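**Student:** Sequence:
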Amino acid sequence: MRLLLDTHALFWWLYFPEFLPAKVSGILSDPDVRVFASAVSAYEMSYKHHRGCWPEVEPLVGAFEEVVTGEGFDLLPLSATHAIRAGAYSPEHRDPFDRMLAAQAVLEGLTLVSKDGAMREMGAEVVWR
Numbered sequence: 001m002r003l004l005l006d007t008h009a010l011f012w013w014l015y016f017p018e019f020l021p022a023k024v025s026g027i028l029s030d031p032d033v034r035v036f037a038s039a040v041s042a043y044e045m046s047y048k049h050h051r052g053c054w055p056e057v058e059p060l061v062g063a064f065e066e067v068v069t070g071e072g073f074d075l076l077p078l079s080a081t082h083a084i085r086a087g088a089y090s091p092e093h094r095d096p097f098d099r100m101l102a103a104q105a106v107l108e109g110l111t112l113v114s115k116d117g118a119m120r121e122m123g124a125e126v127v128w129r
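For the sequence shown, our numbering assigns the number 129 to the last residue and increments by one with no breaks.
Just so you know, the hints here were simulated from the structure itself, not pulled from any lab data. None of these values were measured; they are calculated from a predicted model. Take these hints with a grain of salt, some might be off.
When the alpha-carbon atoms are kept at most 30 angstroms apart in a straight line, the in silico DSSO-like pairs for lysine-lysine are as follows [what the hints assert, rightly or not]: (1) K115 x K48; (2) K115 x K23; (3) K23 x K48.
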């Protein structure tokens, strides 16, 4: 299994694992599961932190790559192909971060770990409960 963490799932795994469903925690703890964290999540955290909306992510914003790889996760860069797919989704999906993460999951064949049901509407396979 290959997973892509939504931004909230990554943050909770690192700082508040009790917020994750037991199913998700079990999957993420499986050494045979390959887990990806997206550069999109780094951007989302930095963007929201620097606007005063998410002060709790400050330690992660300062060392995103080191923390992610230290957890054994792979860093997934955002490509032009991902960006083009994200831009093509229906305008009713307004969150640009969700659009990019869904596009990455679909194009890379990854299952998205997210509590956000809208990801399925963009064609992403999602695991949560």
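**Student:** All the hints need checking, so say for each whether the structure fits it.
**Tutor:** Hints, one by one, checked against the model:
no.: 1; hint: K115 x K48; in the structure: 19 angstroms, holds
no.: 2; hint: K115 x K23; in the structure: 12 angstroms, holds
no.: 3; hint: K23 x K48; in the structure: 28 angstroms, holds
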